[in-house]
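J.: Spelled out, the chains give:
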Amino acid sequence: MNIFLNGDPKEVVDTCTVMDLLTEMDIVGQRLAVEVNEEIVSKSQHTDYSFSEGDKVEIVHAIGGG
Amino acid sequence: MQDDKLIIAGKEYNSRLLVGTGKYKDMDETRDAIEASGAEIVTVAIRRTNIGQNPDEPNLLDVISPDKYTILPNTAGCYTAKDAVRTCQLARELLDGHDLVKLEVLGDQKTLYPNMVDTIEAAEILIKDGFKVMVYTSDDPIIAKRLEEMGCVAVMPLAGLIGSGLGICNPHNIRLIKESANVPILVDAGVGTASDAAIAMEIGCDAVLMNTAIAGAKKPVLMASAMKKAIEAGRESFLAGRMPKKAYASASSPIDGTFF
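First to last, the protein sequences are chains A and B. One gets the numbering used here by counting positions in the first sequence from 1 and adding 103 to each. One gets the numbering used here by counting positions in the second sequence from 1 and adding 1144 to each.
Hints are computed from structural coordinates only; laboratory data are not their basis. From the three backbone atoms N, C-alpha and C, an ideal C-beta is built for every residue, glycine too. Possibly wrong hints are sitting among the right ones.
[Stated by the list, open to error] A short, non-exhaustive set of chain A residues, derived as facing chain B with CB atoms under 8 angstroms: (1) Gln133; (2) Leu135; (3) Gly157; (4) Glu161; (5) Ile162; (6) His164; (7) Ala165; (8) Ile166; (9) Gly167.
[Said to hold, decoys possible] To give an idea of the chain A side of the interface with chain B (calculated C-beta under 8 angstroms), a few residues: (10) Asn109; (11) Ile130; (12) Ala136; (13) Val139; (14) Glu141; (15) Ser145; (16) Glu156; (17) Lys159; (18) Val163; (19) Gly168; (20) Gly169.
Please work from the sequences and hints to get the whole structure.
T.: And the structure:
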C-alpha cells in the first residue's frame, strides 16, 4: 500500500498504524504531531489508527522560528 | 518593579521581552541567547520532521524545555487562514493541549506584511476552538481594536517589517493602539537594536517580541543581554514619566551664590 509521508510517496504494509510508522522512523516518544488527510490523529490514537491507500500523512515538530 | 508583571491570558510574567528561536548558528547559541535575554515566552515554528536527515541534531524542545519556558508556536509561513488554523491545531497536539499561539497570516513574500482579512478570519475560528490568540497585526488602530474585541489575548502590531531591523517606523500609530487597548500590546517585528526596544517600551507597550535583532547581531548572546536591559530601562522610563520637552535651555545649577 502506498501513502504520502511529508509529501513523499512511501510504501507500507496494509496493516500499518501510526505507531508502526513512528517506530520504523525511530521517533517514538519525541515531541511531534501527526495529521492524516488534514485531520489530527491524537497521541491516544497512534496505536489503533491504520492507514488507508493514498493517505496524506504529515508528521511535524517544533523548530526555530520567530 | 517586583509588582510590575506582564499578564497574558491570566498568566503572570516577569520579563517583558519575548524572543524567537530562528536564525541562530546552532542549538548552543540558541540556548545561550535565550538564557541571556531573560525571556520567559519563546516562539517556535511548526514544520515537517526531517526524515532521515540530521538524526543527531537535538530537538529544539529538548534545548528550550516547555517545563522552563512558555512555548509560543507561531504560524509563520502561512498565507491563508486555513493554513494558519491547521498549524495551530498541530501545535496544540504537539504541545499536549497547550493553547497559546502566535497567529500571523502573511500577505506578501517581499514585505511579509500581515494579510489582515485572513488574519481576522483565522482568529475567529481559533478563538471559537478554544485557542488563546496573540495576534500579529498591521499598525492600524481600528484593526487592532477589532482584534481585541474579537477576544485575542494580546495584540502585536509590527514596528517595522519582519527581519528588517528598521526600528519603530510609526511610533504615533503604536501609541494610538496602546491608548485605547485593554489587552497587552506588544511590538512584534522591526526592532533592530537596543534603543528601538527601549523606544517601544517608552511609548507604553507592554512587551516586545523579537528574533532577528538578537540572532542577526554579530554577537547574539551579548545582544540578548543588551535587549534585556533596554526593555527594563524603557519600562522604568515609561513608568517614571519623562520630563517635558522645552524649546530653550533651563540651567541645572542654581544662579544664586555664584562668586564671579
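J.: Hint by hint, note whether the structure agrees.
T.: Verification of the hints:
1. Gln133: A:Gln133 check passes; min Cβ-Cβ to chain B is 6 angstroms, inside 8 angstroms.
2. Leu135: holds, 6 angstroms
3. Gly157: violated, 19 angstroms
4. Glu161: The hint holds - A:Glu161 has a Cβ within 8 angstroms of chain B, the shortest such distance being about 7 angstroms.
5. Ile162: Status holds, d = 5 angstroms.
6. His164: Holds, because the Cβ-Cβ distance from A:His164 to chain B comes to roughly 5 angstroms (cut-off 8 angstroms).
7. Ala165: Holds: closest Cβ of chain B sits about 4 angstroms from A:Ala165, inside 8 angstroms.
8. Ile166: holds, 5 angstroms
9. Gly167: holds, 4 angstroms
10. Asn109: Holds - the Cβ of A:Asn109 comes within 8 angstroms of chain B, reaching about 4 angstroms at its closest.
11. Ile130: holds, 7 angstroms
12. Ala136: holds, 4 angstroms
13. Val139: violated, 12 angstroms
14. Glu141: Hint on A:Glu141: holds, closest Cβ of chain B at ~6 angstroms, below 8 angstroms.
15. Ser145: It holds, given that the least Cβ distance between A:Ser145 and chain B is near 6 angstroms, below 8 angstroms.
16. Glu156: Hint violated; A:Glu156 Cβ to chain B Cβ min 20 angstroms, cut 8 angstroms.
17. Lys159: violated, 12 angstroms
18. Val163: holds, 5 angstroms
19. Gly168: Nearest chain B Cβ about 3 angstroms off; hint holds.
20. Gly169: holds, 3 angstroms
In the structure shown, a violation is registered for the earlier hints numbered 3, 13, 16, 17, in ascending order.
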